Amino acid sequence: MTASTVERPQLPKTEEAARIRPKRRITGGGLLHAYTWVIIAWLVVPIAVMIAFGFNDTPGRYNQTWDGFTFKWYGRLFEYPDLTSALITSLVIAIVSSLLAGALGTGIGYALGRYRFTGSGSLNLIMFATMSSPELIMGASLLSLFVSAGAGLGPITITIAHVMFSISFVAVVVRARVMTLDRSIEEAASDLGATGWVTFWKVTFPIILPAVFSGVLLAFALSIDDFIVTAFTAGTTKTFPIWIWGATRVGIPPQVNVMGTLIFAVGVLGAVIANIRSSRQGKRA
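So in numbering that gives the first Met the number 0, spot 212 of the sequence shown is number 211, and the numbers just go up one at a time.
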């Protein structure tokens, strides 16, 4: 029997199909992953440019072209007193307004997530209407309110305005957490003799604390970078965004990029801490 007459053994169809490499096709999942990375890059690129130009060795205030790498702007961060004063004003207003919005929004979110009462549907509608309404309308209406009340425009009116549009964001975050809360834990505390007040502070509040913290961080971020509502209610007060807008005519110094980088770093650190606390609580549960 010659070699030419020897028949090759026939492979099973399953093995033969396994040896054939399938053609790579672009699936819906692949498109979704690519789209996600494009959106992430779209969001990260402006932040990366801001951080990079904080190290730009520019000779003047026009920080628009790359002229070299330097750390000197971090050492000369407070070179412009007006800019430093505007940043401090923004930080104070953001801290006060976020704490007030956190306290008020937590109460509203807890009530909406736990109870059904007369007017709860209207309150939900008002909250989401506040979140979706244009800032131009909100700023103009708040200005009319303050002028009609004879209130002088300044840091206090800015803080009130920021609290008003931040409460809804805190309440929505807290409400979502309260709605997923296991009631049996609170009932167990009540069976052991704890009062309603003790149950809330010892059991409920520690569980919803990550949501409260996230809401406060969100209110802080909304406050410190708000421009439109602040411009209507500031009067002669200069906040960080208003100072930057005014400086665009004469050039924005690199210190603005440095301050923005530091604010962004603090925000990222707060988000990481909140995420770690939430993960630990999830593992304990």
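Hints are computed from structural coordinates only; laboratory data are not their basis.
Since the structure is predicted, the reported quantities are computational estimates derived from the model, not experimental observations.
Each residue gets a CB set at the ideal place from its N, CA and C atoms; glycine is no exception.
Careful, some of the hints might be misleading.
[Stated by the list, open to error] Computed list of lysine to aspartate or glutamate pairs in EDC-like fashion (alpha-carbon distance at most 20 Å, straight line):
| # | residue 1 | residue 2 |
| --- | --- | --- |
| 1 | Lys282 | Asp190 |
| 2 | Lys237 | Asp66 |
| 3 | Lys201 | Asp224 |
[Said to hold, decoys possible] Simulated restraints on C-beta separations:
| # | residue 1 | residue 2 | range |
| --- | --- | --- | --- |
| 4 | Lys71 | Ser119 | 30 to 38 Å |
| 5 | Gly29 | Phe116 | 47 to 55 Å |
| 6 | Trp200 | Thr117 | 22 to 30 Å |
| 7 | Arg113 | Arg75 | 24 to 32 Å |
| 8 | Thr194 | Ser119 | 18 to 26 Å |
| 9 | Trp244 | Gly106 | 32 to 40 Å |
| 10 | Glu78 | Phe263 | 17 to 25 Å |
| 11 | Phe263 | Ser84 | 36 to 44 Å |
| 12 | Ser119 | Gly67 | 57 to 65 Å |
| 13 | Gly29 | Trp244 | 38 to 46 Å |
| 14 | Thr194 | Asn274 | 50 to 58 Å |
Flag every earlier hint the structure violates by its number, smallest first.
As far as the earlier hints go, 1, 2, 3, 4, 7, 11 and 14 are violated by this structure, in ascending order.
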